[in-house]
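Chemist: Below are the chains, spelled out letter by letter.
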Amino acid sequence: MKIGIITFPGSNCDRDCRHVVKTVLGYQAHLIWHQETSLSHVDVVILPGGFSYGDYLRAGAIARFSPIMESIRQFAEKGGIVLGICNGFQILLEAGLLPGAMLKNRYLSFICQDVSIKVENAETTFTNEYASDQVLTMPIAHAEGNYYADPMTLSALHDHAQIVFRYCDQHGDVTAEANPNGSLENIAGIRNKAGNVLGMMPHPERCAEDVFGKTDGVALFRSLRHALNQMVA
Amino acid sequence: MKAIIYVTLKSGIHDPQGHAVQQSLETFGFHAVDSVRIGKLLEVDLNETDHTKAEAVVKAMCDKLLSNPVIEDYRFELS
Amino acid sequence: MKAIIYVTLKSGIHDPQGHAVQQSLETFGFHAVDSVRIGKLLEVDLNETDHTKAEAVVKAMCDKLLSNPVIEDYRFELS
Amino acid sequence: MSATDSPIQQELIEQHGLSKDEYQNIVQHLGREPNLTELGVFSVMWSEHCSYKSSRVHLKRLPTEGERVVQGPGENAGAVDIGDGLAAVFKIESHNHPSFIEPFQGAATGVGGILRDIFTMGARPIALLNSLRFGALDLPKNRHLLKGVVSGISWYGNCIGVPTVGGEITFNDIYSKNPLVNVFCLGIVEKDRLLKGLAQGVGNPVLYIGAKTGRDGIHGATMASDSFDDQSDAKRPNVQVGDPFLEKLLLEVCLEFLEKDLLVGIQDMGAAGLTSSSCEMASRSGTGIELDVTHVPCREPNMTAYEMLLSESQERMLLVAKPGKEHDVIAICQKWGIDAAIIGRVTDDGMLRIKEGEAVVAEIPAKALAEEGPRYERPAHPPQYQDLLQGLVIENLPDVTNPSDVLLALLQSPTIASKRWVARQYDYMVGTNTLVCPGSDAAVVRIKGTDKALALTTDGNSRYCLLNPYLGGGLAVAEAARNLACSGAEPIGVTDCLNFGNPERPDIMWQFIMALEGMSDACRHFAIPVVSGNVSFYNETNGLSIYPTPVLGMVGLIEPASCVMTQWFKHEGDQIIVLGETKEDVGGTEYLKLVHAREQGNPPWLDLDQEHALHRTLLHAIRQGLIHSAHDCSEGGLAVTLAECCVSHPSTPRGATVQLAQSQLRVDALLFGESPSRAIVTASSAHVDALIGIANEQGLSAVVIGEVGGQALNITVVSDTQHHMDAVHLPVEVLADVWSHSFERQIESSDKS
Ligand SMILES: Nc1ncnc2c1ncn2[C@@H]1O[C@H](COP(=O)(O)OP(=O)(O)O)[C@@H](O)[C@H]1O
Ligand SMILES: [Mg+2]
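Chains as they are written, first to last, in my numbering: chain A, 1 to 233; chain B, 1 to 79; chain C, 1 to 79; chain D, 1 to 753.
Don't read these hints as lab results, they were simulated from the structure. Each residue gets a CB set at the ideal place from its N, CA and C atoms; glycine is no exception. Among the clues, some could well be false.
Stated by the list, open to error - Below, computed lysine-lysine pairings styled on DSS-like, alpha-carbon distance capped at 27 Å:
1) A/Lys22 - D/Lys325
2) C/Lys64 - D/Lys191
3) C/Lys2 - B/Lys10
4) D/Lys335 - B/Lys40
5) D/Lys260 - A/Lys22
6) D/Lys448 - A/Lys2
7) C/Lys40 - B/Lys59
8) A/Lys193 - B/Lys64
9) D/Lys147 - A/Lys2
10) A/Lys214 - D/Lys191
11) A/Lys214 - D/Lys419
12) C/Lys40 - D/Lys141
13) D/Lys260 - D/Lys448
14) C/Lys2 - B/Lys40
15) D/Lys419 - B/Lys40
16) B/Lys40 - C/Lys59
17) C/Lys59 - B/Lys59
18) C/Lys64 - D/Lys452
19) A/Lys22 - D/Lys147
20) D/Lys260 - B/Lys64
21) C/Lys40 - B/Lys10
22) C/Lys10 - D/Lys212
23) D/Lys212 - C/Lys40
24) A/Lys22 - D/Lys191
25) C/Lys64 - B/Lys2
26) C/Lys64 - B/Lys59
Claimed, not checked - Okay, the calculated beta carbon distance ranges per label pair:
27) B/Pro69 - A/Glu70: 48 to 56 Å
28) A/Ala156 - D/Asp328: 30 to 38 Å
29) B/Thr52 - D/Gly324: 26 to 34 Å
30) C/Arg75 - D/Asp328: 47 to 55 Å
31) A/His160 - C/Lys64: 24 to 32 Å
32) B/Asp73 - A/Lys193: 40 to 48 Å
33) B/Asp73 - D/Asp451: 29 to 37 Å
Unchecked claim - Pulled from the structure, derived: some chain C residues nowhere near chain A, Cβ distances all over 12 Å:
34) Gln23
35) His31
36) Val36
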């Protein structure tokens, strides 16, 4: 599996993603500068976390005009797998590759902590190595992760099983107390209608090594490979 | 010309930042405040003297970058 | 009453955010933009009907909380 | 050289913070009267902040050598060898004055500054820590300062993507008008590729990269060398605004220069901006630098040479490129969207020569600015109040009768309560290196590509230093080293930030000298070299000085990385052992302040040999896999330490049952006294004997005092006559709630009262 990781000015989880994909999991990883336009050499594109353009104006707003974004749009249209993590999710929203928008967190400005999230849909390109309703522990670290969509968009998300992860408590109950940022319906991650683009606020690359005592992120990357194998087959 | 652009959250969308500010006003003893909503104020200097052209440019900038139509409205003044 | 408060950076204070926005507008082809400065726009609903009192309250709020007098100026309108 | 336009008046000299003698000295160096620009340049370079004029003669006492030292004090940051061809580069710096004037931007730009110090050495920053001091949280102003500082640190560090992995915050009213903001950064570089602030090679191009120059912070360096009075508001236009996004680009650009080997030298434009970077680089290299200010990228129109030379606009660097490489440098800057300009060249005449086009506007020997500034051996005397401070007669105070309540009160106090409210505003995980997150004795980051990890801590206890600055200095070093040892690390280097009052006062100077001596002796004893540091004087408002506050940032090596230890109890049934001896150390404690409202007495006595024995015992025990947790005793004593062991586990608090032998001690000294050189460790029963053996070999006492388990913390005190006192009996739930949430409750609920 060849994974392309986009570096925008201000990305800061690009190298973390590469470390996990390449050194920990043994896949191929390429950092791709945002001014490049070719994605022909990769199977999967990751938009990593960070503060592209300092998150000035709105998180992800400026990055979406980078030259690579047009290539990503075409890549996604042809069914290519695109994963946006944290700031990457925000960029996908701003670019219109995923529906909705991010508001500022409801309580504290920036929150860094481990949260529990529930796999709402284990049939996706991104989650096929998880069990349905499985409760995962993953870190979040963001100031704008309060997902918003208008009622029509929200019902479309429901209709097409696009909600992939929700914040929950340790037992898997999706409660208001378990919602760290005020996100609509505790949404932590959504995919597009076609199912090949996912945006999520938690960081799977930060929980993919034994040394951290948490490895729930590994299955996400494994799911991608599984999905790719099936696409080829 | 100079454009003053006002970007506000669409009505009906909860404004967490405004809410937080309202709460701290409350704790500082400003009880007369019912609600606070926070938007952006952009002052843009343009080297464009034609009013119609300037208007078109500012509108395009707002649509493309300066506001997010999913959650925000904007209006502007030229002078 | 309703107060619209405009908070802007004092002149001479660097506005990295505005600068970054201006630069990206430039790269997206908006060459007519000389400078962008970004401030805040606050809409405050007050349950106060007396204009003079409202004015005093809003001024106090701005001085104490809504603006940072070290780097920002403000002005407001009541309606 | 153009003649002085109009003669320099006495008033102007004073406005520049220069004394008459200093002015005469300038005239001597120049062989003529300076012009206004030159006067400005001298004034910043000879300010306390840049010249260390009151401290330099004393700083020599610090031990700065050791086998691992790659770079000692004098460069942008210090560096120590950590093996595998790598060096750890680190430094601590204060941003106290700017943070008082504007807490958010002041703290943010402090983080920006320390990061630049690290990556100008070619090192990639991998961790930030801080050390903060505020007045008590019941004053709204102090809460405002705390919130502003924390969000400024959080904004800058998170945005640039360097994790803030730890720090410390303590509270005392003395900091109400002079809060302290000290920030520490650590980076990693290949040892042989360390970059330095050198301007070698006559004719080599001098480049300016980064943000454009504005009129920000002109005279920031002289401000940092000034005390506050009620007119300080007038100094406000000096506020600088940080741009972490630009700094992130600068960071990547600098590392790319290193990779492509384009540079001779590089230095950050910190305090006194263009002036200090250029004259220091030239002075270090025995060369000169000639700059033409018309090439300096400016943000505002009509800036004068004076303004450009003294501006403290953030996120700027000065560099000297290898011959012919200047265009590669510019190309890399263009790729990342950063301004770059060739503004001058290296010369052989030792002069800092500033031109405006063809006209020379300033011409000063670089060494005169950077190295030959004034140096004072200022008078130093112990203050008369010192005897009063130390004169505590403990027998006159009643012993504790309600230890449970006192324990809860201590756990609630913001100095001791969990700082999770703060830490979770920081991205402490970015970089995927953080093995121990905020909440244990030290933070631990792994070094990718090796089997090593580094433990990091910042420490300092200013009350100890007030009561006995010599002892206080040593205790700060001891605590830092102990925190590292508890984490499984061997201390390998230290950086210090010396925050003091007005050095022109003999009592302050005495505190400074004594504290420095205490620190030096302790560092020497433990063989930990000091490789970098910072002095912040004039932390004084309306004549009231802060307590003497030396803060240490210490780095320890863990190898293999699997030998990492954390402070919390882990297994039911583990035996609890106290290492080290408890003495009657009540003076200067949190307990004495909280319960008896006194900041008095002699601070706990520090026996350096015992302390060292503790460090070695901990390291041996951890490396041999004998223990499951280790937590040092510091503020709040044994009782607080035990409670923290119970409740600081990130998810699962545990109870414990403990019996303490009173052996001649007062109960308050036993439970809440702050004897150093102690730690609480746990081990399975099978390993207890081996552990005690190691301790005894090192000449350290080790006593089993109880067992982990149950739903409560029970502490029984057994007197010499076998009388049993149920000192503490508290459900773990209660302890956990009080310790975990008190801090945020005090910040948030006091706003509502
Ligand atoms: N300003 C801060 N920023 C981040 N973490 C902090 C801060 N203050 C305290 N902490 C964390 O809380 C824990 C306990 O701090 P402290 O009481 O100072 O420890 P110690 O007494 O062992 O030095 C440490 O892990 C520390 O890193
Ligand atoms: Mg400790």
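Chemist: Against each hint, give a clear statement of whether it holds in the structure.
Modeler: Do the hints match the structure? See the list:
1. For a cut-off of 27 Å, the pair hint linking lysine 22 of chain A to lysine 325 of chain D is broken: about 33 Å separates their Cα positions.
2. The hinted pair formed by lysine 64 of chain C and lysine 191 of chain D fails the criterion: a straight-line CA distance of about 51 Å is larger than 27 Å.
3. About 17 Å separates the Cα atoms of lysine 2 of chain C and lysine 10 of chain B, which keeps this hinted pair within 27 Å; it holds.
4. At roughly 30 Å between alpha-carbon atoms, lysine 335 of chain D and lysine 40 of chain B are farther apart than 27 Å, so this suggested pair is violated.
5. A distance of roughly 24 Å separates the Cα atoms of lysine 260 of chain D and lysine 22 of chain A; the hinted pair therefore holds under the 27 Å criterion.
6. Note on lysine 448 of chain D and lysine 2 of chain A: the hinted pairing holds, with a Cα-Cα distance of about 22 Å set against a maximum of 27 Å.
7. The hinted pair formed by lysine 40 of chain C and lysine 59 of chain B meets the criterion: a straight-line CA distance of about 20 Å does not exceed 27 Å.
8. For a cut-off of 27 Å, the pair hint linking lysine 193 of chain A to lysine 64 of chain B stands: about 24 Å separates their Cα positions.
9. In summary, the hint linking lysine 147 of chain D to lysine 2 of chain A is not supported, as the alpha carbons are separated by about 44 Å, beyond the 27 Å threshold.
10. For the suggested pair lysine 214 of chain A and lysine 191 of chain D, the alpha carbons sit about 33 Å apart, so the restraint of at most 27 Å is broken.
11. Distance check on the hinted pair: lysine 214 of chain A and lysine 419 of chain D sit about 23 Å apart at the alpha-carbon level, within 27 Å; holds.
12. Of the pairs offered as hints, the one joining lysine 40 of chain C and lysine 141 of chain D holds, with about 23 Å between alpha carbons and a cut-off of 27 Å not exceeded.
13. Restraint check for lysine 260 of chain D and lysine 448 of chain D: satisfied, since their Cα atoms lie roughly 22 Å apart, inside the 27 Å limit.
14. With a CA separation close to 17 Å, the supplied pair lysine 2 of chain C and lysine 40 of chain B stays within the 27 Å bound.
15. Between lysine 419 of chain D and lysine 40 of chain B the CA atoms are separated by roughly 33 Å; this puts the pair beyond 27 Å, and the hint is violated.
16. Our distance criterion of 27 Å between C-alpha atoms is met by lysine 40 of chain B and lysine 59 of chain C, whose separation comes to about 20 Å.
17. Between lysine 59 of chain C and lysine 59 of chain B the alpha-carbon distance is near 33 Å, which puts this suggested pair outside the 27 Å criterion.
18. Proposed proximity of lysine 64 of chain C and lysine 452 of chain D is contradicted: the alpha carbons are some 50 Å apart, above 27 Å.
19. Using a Cα cut-off of 27 Å, the hinted pair lysine 22 of chain A and lysine 147 of chain D is violated, with the two alpha carbons roughly 40 Å apart.
20. Proposed proximity of lysine 260 of chain D and lysine 64 of chain B is contradicted: the alpha carbons are some 38 Å apart, above 27 Å.
21. The straight-line distance between the Cα atoms of lysine 40 of chain C and lysine 10 of chain B is roughly 16 Å, inside the 27 Å bound, and the hint therefore holds.
22. At most 27 Å may separate the alpha-carbon atoms for a hinted pair to count; lysine 10 of chain C and lysine 212 of chain D meet this at roughly 18 Å.
23. A distance of roughly 24 Å separates the Cα atoms of lysine 212 of chain D and lysine 40 of chain C; the hinted pair therefore holds under the 27 Å criterion.
24. Using a Cα cut-off of 27 Å, the hinted pair lysine 22 of chain A and lysine 191 of chain D holds, with the two alpha carbons roughly 26 Å apart.
25. Taking the CA atoms of lysine 64 of chain C and lysine 2 of chain B, the gap is near 30 Å; set against the 27 Å cutoff, the hint is violated.
26. Straight-line distance between C-alpha atoms of lysine 64 of chain C and lysine 59 of chain B comes to about 35 Å, which puts the hinted pair past the 27 Å bound.
27. Between proline 69 of chain B and glutamate 70 of chain A the C-beta distance comes to about 20 Å, which lies outside the given range of 48 to 56 Å.
28. The beta-carbon spacing between alanine 156 of chain A and aspartate 328 of chain D, approximately 51 Å, falls outside the hinted interval of 30 to 38 Å.
29. Distance hint check: the CB atoms of threonine 52 of chain B and glycine 324 of chain D are about 52 Å apart, inconsistent with the given range 26 to 34 Å.
30. For the hinted restraint 47 to 55 Å between arginine 75 of chain C and aspartate 328 of chain D, the CB-CB distance of approximately 49 Å keeps it satisfied.
31. Evaluation of the 24 to 32 Å hint for histidine 160 of chain A and lysine 64 of chain C yields a failure: the beta carbon distance comes to about 49 Å.
32. For the hinted restraint 40 to 48 Å between aspartate 73 of chain B and lysine 193 of chain A, the CB-CB distance of approximately 27 Å leaves it violated.
33. Taking 29 to 37 Å as the suggested C-beta distance range, the pair aspartate 73 of chain B and aspartate 451 of chain D does not conform, at roughly 56 Å.
34. Non-interface call for glutamine 23 of chain C relative to chain A: violated, since the shortest CB-CB distance, roughly 9 Å, does not exceed 12 Å.
35. No beta-carbon of chain A is positioned within 12 Å of the beta-carbon of histidine 31 of chain C; the least distance is around 15 Å.
36. Not every C-beta of chain A lies more than 12 Å from that of valine 36 of chain C, the closest at about 9 Å, which undercuts listing it as non-interface.
Going down the numbered hints, you'll see the structure goes against 1, 2, 4, 9, 10, 15, 17, 18, 19, 20, 25, 26, 27, 28, 29, 31, 32, 33, 34 and 36, while the others check out.
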